[in-house]
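Number of protein chains: 2
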Amino acid sequence: MTARDREELLNDRYGDQPKPKQMIWNDHVERLLAHRSVRNFLSEPLPEGALETLVAAAQSASASSNLHQWSVVAVSDPEIKAQLAELSYSGSVGSKATYINEAPVVLLWVADTSRNHEISTNGGGSTEVYDYLDAFLMASIDTALAAQNAATAAESIGLGVCFLGVMRNQSAKVAELIGLPKYAYVTFGMCIGIPDPVRPSGVRPRPRQDVVLHHNSYNSERPTGWLEDYEKAFLQFRELLGMKQKTWAGSVRFATTMPYMDGRENLRDAVEERGYLLR
Amino acid sequence: MTARDREELLNDRYGDQPKPKQMIWNDHVERLLAHRSVRNFLSEPLPEGALETLVAAAQSASASSNLHQWSVVAVSDPEIKAQLAELSYSGSVGSKATYINEAPVVLLWVADTSRNHEISTNGGGSTEVYDYLDAFLMASIDTALAAQNAATAAESIGLGVCFLGVMRNQSAKVAELIGLPKYAYVTFGMCIGIPDPVRPSGVRPRPRQDVVLHHNSYNSERPTGWLEDYEKAFLQFRELLGMKQKTWAGSVRFATTMPYMDGRENLRDAVEERGYLLR
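As you go down the protein sequences, you meet chains A and B in turn. When we follow this note's numbering, the leftmost residue of the first sequence carries the number 42, and every step to the right adds one. When we follow this note's numbering, the leftmost residue of the second sequence carries the number 42, and every step to the right adds one.
Just chain A, same shape as in the assembly (with noise of 0.2 Å):
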């Protein structure tokens, strides 16, 4: 990649906001700063080897005591992907995630504390971690890693993908679907494919560094004019590819309240049944 390449995706980014002043380079940086969410692909299925790729780099992230507390469901199935499409959407406000249907496979991606607690029934043990909020916390982050290694591992092999947090809208119904057992649920979905060259997606832009970067202890002034500033940046972005236009303090304002969840609000008592008791 040129420099000029490099300062591109620096632009595509952060746009007219403040850039970071020093990088490293390399292919791998490259690469994740290239990240874009897929939702539009080619009908091929995945290449030969391509999930098993995806699996090696996911199970290559860090794990929590090297517990394993994770698993991926890979749906391939029409019909499954149909009625998940159903199940992302419970009809508060936006539309379905109709893109599931496109994706050749969409991966489940599942917080997995059942094999583990099979290990310590069988072996007569305790299993009252599993009652409380770290537990659950501690594999659903372990999942998020392993997931992200796969998205990357994705990216590089020419596959574009789009995670799903709207698996969780309806996780009962989607846990019952693909058959968990209790101590599982859905953290996420993810669709994967070859993304289609005539609808491509753009690189959404962030904040400028110093939102999110904090030394030694947290600042909670908020660097003046950051939010002015990434307001160009997201309408620039919006501008670009043709989307209606919105502020973005606006989109926060809406994702903060219950429309928002549409059936998230849920999730407690969907995780509950699945055994994770949160105390």
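As the list makes no split between identical chains, a pair holds if one copy fits it or if it spans any two.
Derived lysine-lysine pairs resembling DSBU-like cross-links, with alpha carbons at most 30 Å apart:
(1) Lys-223 <-> Lys-273
(2) Lys-62 <-> Lys-122
(3) Lys-273 <-> Lys-287
(4) Lys-122 <-> Lys-60
(5) Lys-287 <-> Lys-223
(6) Lys-60 <-> Lys-285
(7) Lys-60 <-> Lys-223
(8) Lys-137 <-> Lys-287
(9) Lys-122 <-> Lys-137
Think of the hints as simulated: they come from the structure by calculation, not from any bench.
With the hints as your guide, set chain B onto chain A.
Structure of chain B alone, referenced to chain A:
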């Protein structure tokens, strides 16, 4: 990398267990598979630009609804690091993570909805979603996705990392130490630095892929002999590194008892105090 090197990567990751039959290799996949946690560091500071590079990579990860719900506090002050090392252990079992002091920088990854809470509050809007489990979980997941990208970027520029789940053992005190506002909590930490070549670490083996990978629905019947096979790989790894012999199932059984939690049983109270009601 030669075919032999790649074979070696799979041998490190899976030992004598069945290995993925077909992989799609490239530099990125090799880099991901070569991950190992590093706890022994040189005393040198991070190279110029390293932190900016890691944060740019982290910001490039997918973000739920483009909400930017994390922050990262880079701790390089030796006194604060010493306090974090103290707070890594409440005294039940295990020991302090003294390697925190060795790392030139400890990153504290913060699930941070405080910015958006301010935006909604200032706009006179609702903030009810923060009363629900999903809002807490979503921010935690996004934090993990970002952190994993930072880890990948770090390793690509010759640094080593180690995740610190123990930063949740005394969650309330860690939050206080770095002056976190409400609606923010430290999800985990990450040691980062130049690995000490005279005290290298090993690649931890994982269970064979068919233990974690399912097709179209979850198969509750585990692959025959998977645990015995994994125990062999686990034992070999520990022998190679001159570690005390124990079984993996034994460590799982320990990790499901209360002494393992070492303070993390109080996480629920700590995050409620931070504003997350987890309804």
